[in-house]
Amino acid sequence: MTEQHDQAGKLVVLERFRQVNRSFPKTKEIMEWRGSGRKVFGWLCTYVPEEIMHAAGILPVRIVGYSREVDLDDGNAYMYVNNCSFARSCLQMGLRGEYDFLDGVVGGSTCDGARRLFDLWRSYIKTPFHHVVTVPRKYTERAHALYYQEVLDFKSHLEEHLNTKITDEALYKSVQLYNESRGLLGKLYELRQREKPPISGAETMEVSNASFRMPKEMFNDWLKELLNELKSSDRFYSGRVRLMLVGSVLTNAEFVRFIEEQGGLVVTDELCTSTRYWGDLVTFEGTNSPLEAISRRYLNNFPCARMFPSEERFNRIVKAALGFKVDGVISETIRYCVPYAHDLPLLEKRLGEHGIPMLALDVEYGTSGSGQIKTRVQAFIEMVEARRR
Amino acid sequence: MNSTGSGNKLGSVIRACRLIRRMLRADPEARQSQFMYYQMLEDYFTRVLRAKEEDGFVVGHTVFFPAEIIYAMGLVPMHTETATWTMALFTGDCSDILASGARLGMAQEICTPHRGLTGAFASGALPHPEVMLWSNMVCDNTAKSGELIMEVCNCPGFFLDRPFKRSQHEIAYLVSELEDMVHFLEERSGKKMDWDKLSEIVARMDRQIELVRQINELRKNVPTPFRPQGFLELLTVDYLFPGQPEALEYLETLYRELNEAVKVGKGAVKQERFRLMTLFIPPMYLMGFLDRISREYGAVSVIEPFFTFWGEGRLDPSHPLESVARKSYMIPEMRMYGPLDDRALGAIVNCAEEYKIDGAIYYADVGCRHSCATIKLFKDTLADIGVPMLVVDCDVVDATVTSEEEVSEKLQQFFELLEDR
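Just so you know, the sequences run in chain order A and B. First residue of the first sequence: 0, per numbering that gives the first Met the number 0; consecutive thereafter. First residue of the second sequence: 0, per numbering that gives the first Met the number 0; consecutive thereafter.
Hint data in this document are derived by calculation from the structure and do not stem from the laboratory. Heads up, some of the hints might be wrong.
Unchecked claim - Straight-line Cα separation of at most 27 Å, DSS-like style, residue types lysine-lysine; simulated pairs:
1. K164(B) - K125(A)
2. K164(A) - K164(B)
3. K125(A) - K219(B)
4. K378(B) - K137(A)
5. K125(A) - K378(B)
6. K125(A) - K38(A)
7. K219(B) - K262(B)
8. K137(A) - K375(B)
To be verified - Selected chain B positions facing chain A (Cβ under 8 Å, derived; list incomplete):
9. A101
10. G104
11. E108
12. D160
13. P162
14. S188
15. V365
16. I374
Don't be surprised by glycine CBs; every beta carbon is placed ideally from N, CA and C.
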């Protein structure tokens, strides 16, 4: 059981983040933005550069599905059950009008689920603007050149659609804002390196979920407040074992809370909704062009399992696992999330070479943990704890 | 993870091909092209096994990979997914290789052709290649299959990154990727690329595509002259023999045969009642049954937009590598890989109209996510022009997913529905 010692335990700002998450997609913040005559775009994958949209005066929000277990009747009907439940969940929300305020949707050719979600969204949900970015699967200079061209094409398409010019100055400002956000999230994660971190894995996910669901300017201000609150708080968590969470897209903080309730403290992750979202900064090494810097960052960022070679992903997972002194790794793979499923045998081997055990869970997007998962997590924590003794 | 990889299942495939040729000899209705087809299959897999025995250089590659390059370098290609499919088709059972894949830790989510493929390498059912080439054509399974195969077979590999769309800069990227792949193969095999030979192969491939287009024109006739499930031959020839002389010989023979049949008004079945569009691959282990029921009901597949209906364009032998890159955007299946826009959907509508389709059958492979996600979209698209579509849940390799009885019942109901219309 994770322990918590604190006067009140409650963090005021965290409650605000929770409210954003509870009311998403039609949050007060998004509706106010739109109410002021400004546009809101949805993006489908972390390989879509948000800064381009932000620099055009758009509020980019991430399209995600229901962060809880729900029947996906419409999602199944339109997408068939053998597609990942994340894609089906997103589509169902779109079909049911929950994203009807969006002025545009931007996707990437990242995985089968994402590209089909984009195809069906375009065919059945009449969002006014659509764009799909080709994302190479390699990191070579040639791949960077192709991706840069794709980012440039996206910018041009957006300029044409909005009848506006996205200036370098606006891009610089957006980069600064997004980098600030990444840096602040990095500070939050630094706190989790402590033996007894002041924030749990579930709470951290609540913060990171809000980061792509509200204006970045506001998010950064709130996160600064949260960091100050944490600094002055004497709350801390500890668990029987320290864990890292890796795998498919995950937005349900209750799933993390469930693991922590079994005694495993989640201290870091490799999730596209958390570390892989904010992990790397946009840097201006070797270029003055903000577009080039943005493009390079997005392709070089902590990779998704879709990228080649997989060693890059494995190396970064191992590095994070060692840096955060984790005792074990839990991999959650959404059923039919093929890129992550393919990586499991090799990832388990790589972690094993560093003495880090891994539990591979097959889950549905939105799950908060159930009987079978509970049994497996408990057994894994016991095994890891026994190894540590 | 390693095993010797003796290739014992390929031996079964070769023996089955021989047996089928003997049976065809006893069939007065059998066509010369059918003999040729099974001879080609036998030769293809024999070449793989012989190369392993004689210290040859076998290049494993995934589906839609530009095997023209492998042939031009005098290396021996082994089309990995086709090897899995043919094992299912000719041996009727893939449970052992699927179990072998599971033992490696391959999850159920991974489609059976790829689970079976890696399992086949691990169990020795397939011989280990000297190098493994793979690409992201056409799905995540192909894109992610190579690294584990490299580990299992203890061989080096090359991943070919094929861009999603078809802009000029994306085609240029693919050409550069192909150049890198040629260098990789030269380094690993010690053989140099024969550019003249590649040009010859590209010229033949261009002719090959033209022949398929001409054969399709003949298939427009009522009654259609090509066998109910004959399109699988076209598909396999395209997969295994791109730009090869035997492919041209086969297609020219087939064209002549079909042309003769058209001239005398002879259809593929005694009484053609239903002209069908086939979407995706039927279960391999039910091919015999599907052939029988098609003949019984007079139902013939006359077009397959994602298998035999090539996209527009010609190949230019004077620019062989660029042609190979451009071909990857003309491959029928690639309509499914790029953005599924009006152009891709328009091809289905055009096919339905030009080939006078009565109905479409969608073989929904439970392991194929990117295709199954199109079921409703295709059904709605065809419904707009009054063409009904049947969905048959199945698995291309795993016989435990659906039974002959289930498929039979569905098909009969569908044929009755078509009859009532």
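Do the hints match the structure? See the list:
1. K164(B) - K125(A): holds (22 Å)
2. K164(A) - K164(B): holds (25 Å)
3. K125(A) - K219(B): It is violated: about 36 Å lies between the C-alpha atoms, which goes past 27 Å.
4. K378(B) - K137(A): Roughly 36 Å separates the two Cα atoms, so the pair is violated.
5. K125(A) - K378(B): holds (19 Å)
6. K125(A) - K38(A): holds (16 Å)
7. K219(B) - K262(B): holds (13 Å)
8. K137(A) - K375(B): violated (33 Å)
9. A101: Result: violated, 11 Å to nearest chain A Cβ.
10. G104: holds (4 Å)
11. E108: Since the shortest Cβ distance to chain A is 4 Å, the answer is holds.
12. D160: Since the shortest Cβ distance to chain A is 5 Å, the answer is holds.
13. P162: Result: holds, 5 Å to nearest chain A Cβ.
14. S188: violated (21 Å)
15. V365: Given a least distance of 6 Å, the restraint on V365(B) holds.
16. I374: holds (6 Å)
This entry does not satisfy hints 3, 4, 8, 9 and 14, going by the numbered hints stated previously.
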